[in-house]
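Colleague: Sequence:
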Amino acid sequence: MLQDVIVPINRKRLLVLILVIVSLLGLILSAPNYLLYSSPYKKADAIVVLLGPDFNARQKEAYDLISEGMADYLIIPAYNKTYRVFDKGAIKYLPADFPERKTMKKNVDAPPRFYEDTHWEIIGAKKVMSHYGLRSAIFVSSPYHMRRIKIMVIRVFDKNDGVFYFIPTHYEKAPAGFWELSSADWKKVAREYGKILWFLVYFPWTK
307 MLQDVIVPIN RKRLLVLILV IVSLLGLILS APNYLLYSSP YKKADAIVVL
357 LGPDFNARQK EAYDLISEGM ADYLIIPAYN KTYRVFDKGA IKYLPADFPE
407 RKTMKKNVDA PPRFYEDTHW EIIGAKKVMS HYGLRSAIFV SSPYHMRRIK
457 IMVIRVFDKN DGVFYFIPTH YEKAPAGFWE LSSADWKKVA REYGKILWFL
507 VYFPWTK
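The numbering of the sequence shown is this note's numbering, which starts it at 307 and goes up by one.
Keep in mind that the hints are not guaranteed to be accurate.
Calculated cross-link-like contacts (lysine-lysine; reagent style BS3-like; alpha-carbon spacing at most 27 Å) [what the hints assert, rightly or not]:
hint, residue 1, residue 2
1, Lys456, Lys501
2, Lys494, Lys456
3, Lys366, Lys387
Just so you know, these hints were derived from the structure itself, not from any lab.
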């Protein structure tokens, strides 16, 4: 009689274990692809380029968008720089001539140490956009960063702050298939999930 009770229980536990393993495997397989977020885009008021290891690749993507006539301003929050875009891709640097932008310099008003750098950049972009009355933006960064950037943008900006698009640079390699990723790629993916989790943990306490 005891065996009749134990066997069904063990089978149930085995089934649960199999389901958990399959679910975890599915999450791992889809992890890179989930990060590779992009959106359709239209002409916006500004292009916001976020800093990262391969800034040149992001900058090239931004210049491509500028040459397509996709924005009237170029904002690089990490460098505290804003440019006005004119016809034929000509750009003019706009001095940091308002208090909100001057305080984005880390040696003047540093953010709390637990803030993600990208979070601080998006706050800076919001201040610049508010000053110039800009209502829409195209955010440009590395492919694996785009999901995190979208998560941050929709929380930093109010619902009625404007329209936002998200474009990964095409000049940086970012495999989506599980079998295509190198160990370095997996480190990037793992780091991104860690940053997303950390942001979601601390952000509610910043309001």
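Colleague: What hints, given by number in increasing order, does this structure fail?
Modeller: none
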